[in-house]
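> Each chain is listed here by its residues.
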Amino acid sequence: MQLSLLNLKFHNIRDFSDLEIPLSKSKNKQPHHITLLQMPNGTGKTTSLILMSAAICGREFNEDEVRSFRPTQFEAAEGFFEALMLIDDEQVTVKIDFDYSNNTCMYSTSKPGRSGGGLSPGHNIPYRARMLLTQKFTHLFVFDGELSVRLLNKKETEAEAAISSLHFLDRMGEITLKIDELIEEERAKAESKAYTDKGLKILRGNASSVRDILKGLEDDLKRTNEHKEEAEKAFKTKKAEYEGIVARSKEDRSSYNDLKDKITKKKQQIIDNARTLMVALRRPALFSRQFHDELSSLANQMTKLKLPKTISYEFFQELAQSSQCICGEKIDDKKRATIIANAEKYLSEDKIQVMNSLKYSVRSMGDFRPLDDVAEKIVSLHSDLNVFEQELTLMELRVDKDSRERAEKLQTEMGDLKHQIDEDGQFIKFMTEEDTTFQKDHTLTFKDNIPLCKRQISDLQKRIAEAADTLEFELKAKTLKMVIDSTISLALDEIKTKVVLKSNKRIEELLGNDEVRIHKIDQCIMIDKKEGVSQGQSLAVAYAFLATLFEDSSHKVPFVVDSPAGSLDLEVRREVSNLIPQLFPQLVVFILSSERDGFVDGLAQQYDDIQYYTIFKDPGARGKTVLDDNVDFFMNFHSETEAS
Amino acid sequence: MSESMPEIRRAIATAMKKNGQSDSARQQFTTLFVNYVEGNFENKDLKKMILSIEVPSGKEE
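Protein sequence lines correspond, in order, to chains A and B. Start counting the first sequence at 1334; every next residue gets the next number (our numbering). Start counting the second sequence at 28; every next residue gets the next number (our numbering).
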C-alpha cells in the first residue's frame, strides 16, 4: 500500500479562516519529497497533525474535541478540513465537516475513479488502505513526539503493536476471531447442548441406558409371547378335553357342535331384531296407535301457517297500496282496509318459524305400522334359544359324576387361561403398538413401548452424530488457532530480533559511541542502559526503530512529524535529517524557527526537493493566516517576527 | 502479504509442522491468509481450511 498527502485545506479551523497547503508539485500528483512547515507555537501545529491523522485513519471526535477546533478569533458556525491523498495511484479526498452548533462532525470521501470527484458520506478509503490504516498504525508515521515516549514506556504496547501492524500479524490474529465465530455458528446449527467432551459422554450414556431399556422390553415381549402361546396351547388342550368329556362319541360331538352353532345363530338373530325394535322405539307413533292418532290430531289443528312479522309486514303494506292483486283482482279502498286489518292474523313473532318446522315434522311422521310382529319374533327366537341351551345342558349332564367334576375343573382352568391370554395380549399391545393416538391415550413412554423406545434411540443417535461433528469441527478449529498463535509468536520473535539488530546499528550511527542500545522488544522497547534515557536519546531510538520498521515494510507512507529536532544535539539533528528522508518517500515536518539549525541546513545539504512554507498569523488582519513559500523568508523567520 | 515477508511464511511452515499438519494444509493456510489481507476472504474458505486440519492424536474424543 502506498500513501501520499497531496493537499490540505482548512476552513474555519482554529485560527485558520481559510488556508490551503499544497504538498505536491503542481498538478503532477507527485508530492514534494520534503515539506517544511515552519509555524510558531500556538498557530495550529498540533491541530494540523490531529486532522491529518484523522483524515487518514477516520477516527471519531467527541464533542469537546470538535469544540476545540472552533475559531476563537472570529465567529463561525461550521468549518471543514480536507485532505487530498494518493492511495495506490488513486486520488482520494477525505473531508471532515464540523458543525460547531451541535459540536458534531461528519466524514465524506470521494469515490476513487468517480468523475467529478463527488463526495459520499463516511470514511471510505480503498479497502486495503482502510484495513491497514488504523489509528494506532497511523500514529507511527503521523508522529507527534509523544510516540517516542510511549515506545519506551513499559506500560505501553506501541512497539510490538507497530511490528504486528506492519507485518500483518494483527490481521492473522483477526482470523482466530473469525474461527471463534464459525465455531459458534456450528454449535447453533447442531441444536445440541453436547458441545463438549462431557456433554457428548452424557448423550452417549443416555443412549446406552435407553438401549438397555429396549433390550429389557424385547426380552419381556419374547417372554410374554411365549407365555401367551403356552396358555393358548393349554387352553386348546383343555377345551378339546372338555368337549371330549361332553361329547364322547363322534355322533355326540357332531350334535354338540350343531347345538353350539344353533345357539350362536339364535343369539345373533335376537340381537338383530332387538336393534330393529330399539330404532322403532325412538318413533313411538309408529308402534302405538293411540300416540299416532293423537299426534295426527295435533297436526291438523296446526294448519294455519303464520309469517314472521319483521320480514313480512312490508308485503301486506305494498299489497294494500297496489291497484290490483297478483291474481288480477282490483283493490279498492275497502279491500285495502281489509288487507291491513287482517294482516295481523297471518303475522306472528319470529319464533313462528320454529313452530312451522315442528308442524312440518309432525305432519310428515308417516303411517302407523304395528311392531307386534318384531316383538313376537324376538319372543319366538328366545324360546328356541332356551330349547337349544337346555338340550346342551342335558348333553353335558349325561356324563358321569367324575367326568362332570373334571369338566367343571376344566372350565375353571380354561377361564383362568383365558384371563391370562387376555392379559398377555394387552401387555403385548402396550409394548408393540405404533399408533401415536393409542400411545398418547395410554400415556406410554419409551420405557414401556418398543416403537417409542426405538425412536428415542434414533433421536439420541442423531444428536450424538451432530454433537460429534460439532466437537470434531471445534477440535480442528482449535488446532488451527494453535497453529495461528504459534505462527504469530514465531514470526514476531524473528522480526523483533531483526528489528533490534538493525535499530541498534542505526542508533550507533545517530548517537555515535553513546551507550544507549535496544536490549529487546517486549511490548515496548527495552533499553539496555542503566542510567535514565534523555529526551533526545528517546527520540533517536524512536527514529531508529521506526526507520527500521518502515525500511523493511512493503507499505510506503508519508512521515509527518512535529518538532523533529527540538531535543536533539546539533550533531544528532544532522544525522536525523540525513536518515529520515531516506526512509520515507514523503516527509512533512512541522518545525519551529529554533529547530532550523542543524536540521534544516542538514536537509538542504543532502536533498533537493524541499518545499519551504512559513505559516503565521497576519498581524494586520484578525483571523487571517499567511502562507509564505519563500525560502529566504523561511530561513530568516523568527517567531518574534509574528509577535511584532 | 508479499514475497518480501519471509518471516511469516517460515513461521506458518514451522507452526503447521509442529502441530502435525500436512504441506498442503500449509499452502492452503498461506493462500487463505494472503487472501484475507487482500480483502478476498469468505467464511466458507476458512471453514474449508478448518475441515482440512488434522486433529493431532491424543486430542480426539
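Certain hints may be false.
To be verified - Heads up, simulated DSS-like pairs for lysine-lysine below, C-alpha to C-alpha not over 30 Å straight-line:
id	chain 1	residue 1	chain 2	residue 2
1	A	Lys1600	B	Lys75
2	A	Lys1811	B	Lys45
3	A	Lys1571	A	Lys1600
4	A	Lys1853	B	Lys74
5	A	Lys1751	A	Lys1572
6	A	Lys1342	B	Lys45
7	B	Lys74	A	Lys1809
8	A	Lys1814	A	Lys1469
9	B	Lys74	A	Lys1814
10	B	Lys71	A	Lys1428
11	B	Lys71	A	Lys1531
12	B	Lys74	A	Lys1534
13	A	Lys1811	B	Lys75
14	A	Lys1511	A	Lys1378
15	A	Lys1522	A	Lys1469
16	A	Lys1531	B	Lys74
17	A	Lys1531	B	Lys45
Keep in mind that the hints were calculated from the coordinates and are not lab data.
> So, for every hint listed, does it hold in this structure?
Each hint tested on the structure:
Using a Cα cut-off of 30 Å, the hinted pair Lys1600 (chain A) and Lys75 (chain B) is violated, with the two alpha carbons roughly 78 Å apart. Between Lys1811 (chain A) and Lys45 (chain B) the CA atoms are separated by roughly 14 Å; this keeps the pair inside 30 Å, and the hint holds. Using a Cα cut-off of 30 Å, the hinted pair Lys1571 (chain A) and Lys1600 (chain A) holds, with the two alpha carbons roughly 25 Å apart. A threshold of 30 Å between alpha carbons decides the hint, and for Lys1853 (chain A) with Lys74 (chain B) the separation of about 38 Å lies outside it, so the pair is violated.
Note on Lys1751 (chain A) and Lys1572 (chain A): the hinted pairing holds, with a Cα-Cα distance of about 11 Å set against a maximum of 30 Å. Between Lys1342 (chain A) and Lys45 (chain B) the CA atoms are separated by roughly 54 Å; this puts the pair beyond 30 Å, and the hint is violated. Restraint check for Lys74 (chain B) and Lys1809 (chain A): the C-alpha separation of about 10 Å stays at or below 30 Å, so the hint holds. With a C-alpha separation of about 25 Å, the suggested pair Lys1814 (chain A) and Lys1469 (chain A) falls inside the 30 Å cut-off, and the hint holds.
Our distance criterion of 30 Å between C-alpha atoms is met by Lys74 (chain B) and Lys1814 (chain A), whose separation comes to about 13 Å. For the hint pairing Lys71 (chain B) with Lys1428 (chain A), the CA-to-CA distance comes to about 37 Å; that exceeds 30 Å, so the pair is violated. For the given pair, Lys71 (chain B) sits about 29 Å from Lys1531 (chain A) by alpha-carbon distance, which is consistent with the 30 Å threshold. Among the hinted pairs, Lys74 (chain B) with Lys1534 (chain A) is consistent with the structure: their alpha-carbon atoms are about 26 Å apart, no more than 30 Å.
For a cut-off of 30 Å, the pair hint linking Lys1811 (chain A) to Lys75 (chain B) stands: about 14 Å separates their Cα positions. With a CA separation close to 41 Å, the supplied pair Lys1511 (chain A) and Lys1378 (chain A) exceeds the 30 Å bound. Between the alpha carbons of Lys1522 (chain A) and Lys1469 (chain A) the distance comes to roughly 37 Å, so the proposed pair goes past 30 Å and is violated. Of the pairs offered as hints, the one joining Lys1531 (chain A) and Lys74 (chain B) holds, with about 25 Å between alpha carbons and a cut-off of 30 Å not exceeded.
Our distance criterion of 30 Å between C-alpha atoms is met by Lys1531 (chain A) and Lys45 (chain B), whose separation comes to about 28 Å.
This entry does not satisfy hints 1, 4, 6, 10, 14 and 15, going by the numbered hints stated previously.
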